[in-house]
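These are the residues of each chain, in order.
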Amino acid sequence: MIEVSDLKKEYLEEETPTRALRGVTFSIEKGEFVSVMGPSGSGKSTLLHILSFLDRPTGGSYKFQGKSIDEMTDKELAQVRNKDMGFVFQSFNLLSRLTVYDNVEIPLLYSDIPPSKRATLVEEAVRSVGLEEKLHTEAGKLSGGQKQRVAIARALVTDPNIIFADEPTGNLDSESGLQVMEILESLNDKGRTVVLVTHETQTAEFANRIIRIKDGMIESDKEIIANRHHRGNLK
Amino acid sequence: MLFRDAFKTSTRSLTHGKMRSILTMLGIVIGIASVIILMSIGQSAQDLIINQVQSVGSNLIVVIPGTPSNGKFSPSAAEQGIVVTTLRQKDIDALEREPSIDAAAPLVSGQAEIVYGNNNKIVSYQGVTANMFVIRNLTVGKGFAFTKADVDSANHVIVIGPGLATTLFGPYVNPIDKIIRMKNISFRVVGVLAKGGTGAFGVDQGNIAIIPITIAQKQLLGISYFSTALVQANQKYDITFAESRIRFTLRQSHGITDPNKDDFNILTQADILSILGTITSVLTLFLAAIASISLIVGGIGIMNIMLVSVTERTREIGLRKAVGATNNDILQQFLIESVLLTFIGGIIGIAIGAGIVGLIYFVLSTFFSIGWVFAFPISAVILGLAVSGIAGMAFGIYPAYQAGKKNPIDALRYE
Numbered sequence: 001m002i003e004v005s006d007l008k009k010e011y012l013e014e015e016t017p018t019r020a021l022r023g024v025t026f027s028i029e030k031g032e033f034v035s036v037m038g039p040s041g042s043g044k045s046t047l048l049h050i051l052s053f054l055d056r057p058t059g060g061s062y063k064f065q066g067k068s069i070d071e072m073t074d075k076e077l078a079q080v081r082n083k084d085m086g087f088v089f090q091s092f093n094l095l096s097r098l099t100v101y102d103n104v105e106i107p108l109l110y111s112d113i114p115p116s117k118r119a120t121l122v123e124e125a126v127r128s129v130g131l132e133e134k135l136h137t138e139a140g141k142l143s144g145g146q147k148q149r150v151a152i153a154r155a156l157v158t159d160p161n162i163i164f165a166d167e168p169t170g171n172l173d174s175e176s177g178l179q180v181m182e183i184l185e186s187l188n189d190k191g192r193t194v195v196l197v198t199h200e201t202q203t204a205e206f207a208n209r210i211i212r213i214k215d216g217m218i219e220s221d222k223e224i225i226a227n228r229h230h231r232g233n234l235k
Numbered sequence: 001m002l003f004r005d006a007f008k009t010s011t012r013s014l015t016h017g018k019m020r021s022i023l024t025m026l027g028i029v030i031g032i033a034s035v036i037i038l039m040s041i042g043q044s045a046q047d048l049i050i051n052q053v054q055s056v057g058s059n060l061i062v063v064i065p066g067t068p069s070n071g072k073f074s075p076s077a078a079e080q081g082i083v084v085t086t087l088r089q090k091d092i093d094a095l096e097r098e099p100s101i102d103a104a105a106p107l108v109s110g111q112a113e114i115v116y117g118n119n120n121k122i123v124s125y126q127g128v129t130a131n132m133f134v135i136r137n138l139t140v141g142k143g144f145a146f147t148k149a150d151v152d153s154a155n156h157v158i159v160i161g162p163g164l165a166t167t168l169f170g171p172y173v174n175p176i177d178k179i180i181r182m183k184n185i186s187f188r189v190v191g192v193l194a195k196g197g198t199g200a201f202g203v204d205q206g207n208i209a210i211i212p213i214t215i216a217q218k219q220l221l222g223i224s225y226f227s228t229a230l231v232q233a234n235q236k237y238d239i240t241f242a243e244s245r246i247r248f249t250l251r252q253s254h255g256i257t258d259p260n261k262d263d264f265n266i267l268t269q270a271d272i273l274s275i276l277g278t279i280t281s282v283l284t285l286f287l288a289a290i291a292s293i294s295l296i297v298g299g300i301g302i303m304n305i306m307l308v309s310v311t312e313r314t315r316e317i318g319l320r321k322a323v324g325a326t327n328n329d330i331l332q333q334f335l336i337e338s339v340l341l342t343f344i345g346g347i348i349g350i351a352i353g354a355g356i357v358g359l360i361y362f363v364l365s366t367f368f369s370i371g372w373v374f375a376f377p378i379s380a381v382i383l384g385l386a387v388s389g390i391a392g393m394a395f396g397i398y399p400a401y402q403a404g405k406k407n408p409i410d411a412l413r414y415e
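Chains as they are written, first to last, in this note's numbering: chain L, 1 to 235; chain F, 1 to 415.
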């Protein structure tokens, strides 16, 4: 599904080039649950942004579902983000004045799914995260855990092949974090690919593979037997 | 993104910040209302002036002595203060013999102080023949107009305007048969004109004094020529034919053989309407142009607020892009917001403008007895809506473009 080869990303910070990724090579198969770990500033978030088409690399190659990112226009990238990718952010990124329904509907506004089918899809997505009772509640009035579940529903509503989660438990208490990880885990169980960026070991251990990044390079890339029994120790 | 969805998203954004939206619209509301009011007042004034001119009768022709001016707007010799003495009684007599002409009425005018008791006022007076009252549709409200016999006998009689009557006699004294003095000559008031505002050709009928032309020429001005003649064409003849006959008659009377050496000007009602129409249209446009400055200020206000809005909503833009919005989707959303703001502002401005125009009409016609015409030109409404829509596009495009081109990841990271 994802093939990355010698991937590089350089920024210019006050005219000084900063190398966030220094040549990263790996691939992710369909249905995998991969955690990308690393200390702050290691380049893990940069990697996730490139993998999720939010940013472009400055070197190397990246193929998503067999197609190189270099061959795609910004409009095509936007279409892939809409159809094939779901996003869960650490800070939820919900529009607080809109209801849960309206927030979850946002990706559908940019899709080719006809308006008549939207209500069903939104309700299904919200039900799958257990928030059907909050469907018409303003997002700003929800707890942190509920907000992140709404964000997951929003990520799911277009039925994407892959979900990118950037520190999804970073702003949550342990119980809410656990709920969110269980939802991601169940999505993976149903065949969706999940790529998670975290600096928390317990959260990373929900995955079946952990890629450790340090100073913009892969330090280790190991498959693990999913350590999902440690749920109670999350955080 | 479907336009319907973009529209819904935009209206939702605007309603979430109601107070801001209303304040942002205010500039456009004021601008459009100003344009509407000024265009409407301009139209009403134009209609009023045209009505006044038309009320004199479409068969009226004005003869002004002096070499014809080159263009419509260059003043004639008489208007430039040059004394032209070519229009005389023999010309009037020749014109009255012409079958296509019903009547010819000469006129002289001047300014003088009128005194009654302790009251006085400097007024424009006109010396006219008795048939002038008929030709100019001058209605006498109290008393009577003076007669041909009064003119022929050079009787010291005077007809005054209603405003002048009030100034001299107050509201309770009947002016008829009272003696007033003008240039130390006594006149007996025989009539007061009916209220009717400004008379034809811009003469303030309210404060006018009309005396027999014989008195005016001999005793007040000491002249034997006329400053103007009003000619009433016979209805059976075409006005242009009558005009050509006047031209022919005056040339013959003045012994002119070269048409380029005419020593008189002929103005028909159509000429006067055309000149007045051009002047009032230019004035209306000029006023509308001034009012449109406030539209530009309002538009810049919208651009400013939209730029602030784009900055405030950077994370929202980032999120929308992350979940699939293209640059055009974002641009469309913000552009719809600014166009909606200006368009709704435009509609409110038109409504307020119409209300104020209605109020002006009510006040002028109720309290000032001015025959003000309620004019609310549809062109002003269309212009108002078009300008507000275009202002939204023009002033919204830059902020919308800024929003559309934001990099999703930079936008998501924005604090």
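Keep in mind the hints are simulated off the structure, nothing from the lab.
Errors might be hidden in some of the hints.
As the list claims (entries may be wrong) - Below, in silico cross-link-like pairs of lysine to aspartate or glutamate (EDC-like), each with a Cα-Cα straight-line distance of 20 Å or less:
1. L/Lys8 - F/Asp329
2. F/Lys406 - L/Glu76
3. F/Lys18 - L/Glu138
4. L/Lys83 - F/Asp329
5. F/Lys8 - L/Glu76
Unchecked claim - Among chain L residues calculated to face chain F with C-beta under 10 Å, some are:
6. Leu54
7. Ala78
8. Arg97
9. Leu98
Claimed, not checked - Partial pick of chain F residues on the chain L-facing surface, computed with a CB cut under 8 Å:
10. Thr9
11. Ser10
12. Met19
13. Ala145
14. Gly222
15. Arg315
16. Leu319
17. Arg320
18. Asp329
19. Pro408
20. Ile409
21. Glu415
No residue lacks a Cβ here, since even glycine has one placed at the ideal position from N, Cα and C.
Against the structure, the hints come out as follows:
no.: 1; hint: L/Lys8 - F/Asp329; in the structure: violated (30 Å)
no.: 2; hint: F/Lys406 - L/Glu76; in the structure: holds (16 Å)
no.: 3; hint: F/Lys18 - L/Glu138; in the structure: holds (18 Å)
no.: 4; hint: L/Lys83 - F/Asp329; in the structure: holds (16 Å)
no.: 5; hint: F/Lys8 - L/Glu76; in the structure: violated (25 Å)
no.: 6; hint: Leu54; in the structure: holds (4 Å)
no.: 7; hint: Ala78; in the structure: holds (5 Å)
no.: 8; hint: Arg97; in the structure: holds (5 Å)
no.: 9; hint: Leu98; in the structure: holds (7 Å)
no.: 10; hint: Thr9; in the structure: holds (7 Å)
no.: 11; hint: Ser10; in the structure: violated (12 Å)
no.: 12; hint: Met19; in the structure: violated (14 Å)
no.: 13; hint: Ala145; in the structure: violated (77 Å)
no.: 14; hint: Gly222; in the structure: violated (86 Å)
no.: 15; hint: Arg315; in the structure: holds (6 Å)
no.: 16; hint: Leu319; in the structure: holds (5 Å)
no.: 17; hint: Arg320; in the structure: holds (7 Å)
no.: 18; hint: Asp329; in the structure: holds (6 Å)
no.: 19; hint: Pro408; in the structure: holds (5 Å)
no.: 20; hint: Ile409; in the structure: holds (4 Å)
no.: 21; hint: Glu415; in the structure: violated (10 Å)
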